[in-house]
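Whenever a hint applies, use it, and build me the whole structure from the sequences.
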Amino acid sequence: MKILVCISNVPDTTSKINFVDENTLFDTNGVQFIINPNDEFGLTRAIWMKQQQSAEVTVVTVGDNSCESTLRKCLAIGADNAIRIDLKPTDGFQVAKQLARICQETIYDIIIAGRESIDYNGAMVPGMLAALLDYNFVTNCVALDVEGENAQASREIDGGIEIISCQLPLIIGAQKGLVEEKDLIIPNMRGIMQARQKPLKVIEPTEDEIKSSILKFEKPIPKGEVKLVPADDIDQLIDLLHNEANVI
Amino acid sequence: MSVIIYAESENGKIKKSAFELASYGYEIASEMNVPLIAVTFNQDEVESLGTYGIEKVIKFKGPSISNFTALQYAENIALIAKENEAKIIILSSSANAKYLAPKLSITLSAGYASNVIALPEKLQPLTVKRTCFTNKAFNFCSLSNEVNIVGLSNNSYEIKENPKSIEIIEKDSSSTETTLKVEKLEKSSGKVTIADADVVVSGGRGLKGPENWHLIEDLADTLGGATACSKPVSDMGWRPHSEHVGQTGKPVASNLYIAIGVSGAIQHLAGVNSSKVKVVINNDPEAPFFKAADYGIVGDAFEVIPKLTKKLKEFKSK
Ligand SMILES: Cc1cc2nc3c(=O)[nH]c(=O)nc-3n(C[C@H](O)[C@H](O)[C@H](O)COP(=O)(O)OP(=O)(O)OC[C@H]3O[C@@H](n4cnc5c(N)ncnc54)[C@H](O)[C@@H]3O)c2cc1C
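Protein sequences, first through last, are from chains A and B.
Okay, so the first sequence: first residue is 2 according to my numbering, each after it adds one.
Okay, so the second sequence: first residue is 21 according to my numbering, each after it adds one.
If you're looking for bench data, these hints aren't it; they were derived computationally from the structure.
Do not take every clue at face value.
Said to hold, decoys possible - Only pairs whose alpha carbons sit at most 20 angstroms apart, straight line, appear in this in silico EDC-like list of lysine to aspartate or glutamate:
hint : chain 1 : residue 1 : chain 2 : residue 2
1    : B       : K149      : A       : E219
2    : B       : K201      : A       : E148
3    : A       : K217      : B       : D304
4    : B       : K180      : B       : E51
5    : A       : K228      : B       : D304
6    : A       : K183      : B       : D255
7    : B       : K331      : A       : E245
8    : B       : K142      : A       : E219
9    : B       : K201      : A       : E219
Right, here's the structure in full:
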């Protein structure tokens, strides 16, 4: 069984979000980059399939060479090999197109991507990839079991869970629940040493089609002061919520 | 040419988000001087859509769509989009809409922007404002394609009445060959979901344990709201993962968000920033959440919540 895990290199969740070049570019100054959390849940699930079902796990990212330390971390966590498509992407469609090409050259039984990245929050790469390849697709995936050619996957919906069965190949949009927070693998020294020896292939992008572009960024307007209400004056809070905020 | 919305329904009723899409779509369709069309699935009553500016409703029926499937629904919407030369297709931010949007986009070679929060800045080329960095920033996104899809964030556009007489067309859904089957749907009936709720009441580690959650539930019930929690609360298994809100959980865009015993870590705030009014109850006046809130009470959750619930019940019965 061959598994491909698509990795997005994103700013750490505690990063200060600032922009440069007249608000057209994200300011990476002093920002630490991590594996997109949704991708990391997916990667962990893939490593389990490697351990229990002898799957081979490849990680791939579309990005410039600043993404390599994130890919090395994926290798240290347990992926067998890595691919970097050397392109700083403009939109999700472009990423999906680049990934589709990899998947046409090598057939993967399962492709895992995070349901969305925490930087651009497009929530489109896994679904577009599935549509381009005409593969089965389950997003917001919180459980996955694969046996032979068949998979069962659970999708979190608004207010419940949907249990889906299908044949491989399958693409999932991963999120927490697929594995738990405590299951995430922290690379040990041996993993880190081995990762240095594992293959990381850099390939050139092909076409460069995009469907959207970002013109500029904007930061939220800073919030006004909080209005504090004494704990023994609940009536005042209710009055404010009713008459001032109009929410009850 | 036309503008199309996918109007979702639940338990035989059109969802509030569909009226938001209609109101939003009406502004765009009027400016473009083209009709505004709604697509529904397995929904009998559709007349109410006319109140919000819809001129034509295409009702899909048939065994292949008795339950939601992204593939089938996307293909049907694509068909209508082609027949009516849609320029813009507007979807909600529900889990289902986000599931089918990428498929629809590839089928129609359309551009797609999710998490859009306002009317387009410009129609040529289509330029929309959307949230990014999980609500820590916005970006203006330009889509220069023949057809574009806008995913509108829930509760970001106010419902407006624009009464129209509607034409209703019934259509049978075709069925697509697929090995993907929905085996089972487990849904808690009657409970408001975080995505659709006007009010969300959220508890953090300050609640001390799952046995105290009746306090949060009673308060949420009193307000007709949904319950939510911080990440560690779901990681410890006090509450299900589906209630985890924040950067790595669900986004909240309710009118009112009440956070109790939640410190207000940056990752938590990221997910709830889009809520209009935030109330914080915390016994630590230094809790970071107070900086991000509109109203706050410095106090002990176990004393404040029962009082608040009681007073709200009295208020509601007035
Ligand atoms: C990669 C990453 C992603 C993350 N994503 C998320 C996310 O999506 N969502 C999220 O929520 N967190 C997320 N976190 C975790 C986040 O950093 C915080 O740890 C978490 O939000 C804290 O949860 P809490 O506020 O419930 O608990 P705490 O920080 O422990 O806060 C508890 C609060 O309760 C108050 N309290 C205690 N007793 C009482 C009482 N009797 N009455 C009133 N108040 C009381 C305390 O003063 C304190 O402010 C993420 C972290 C990382 C590293």
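Ascending list of hint numbers which this structure does not respect: 3, 9
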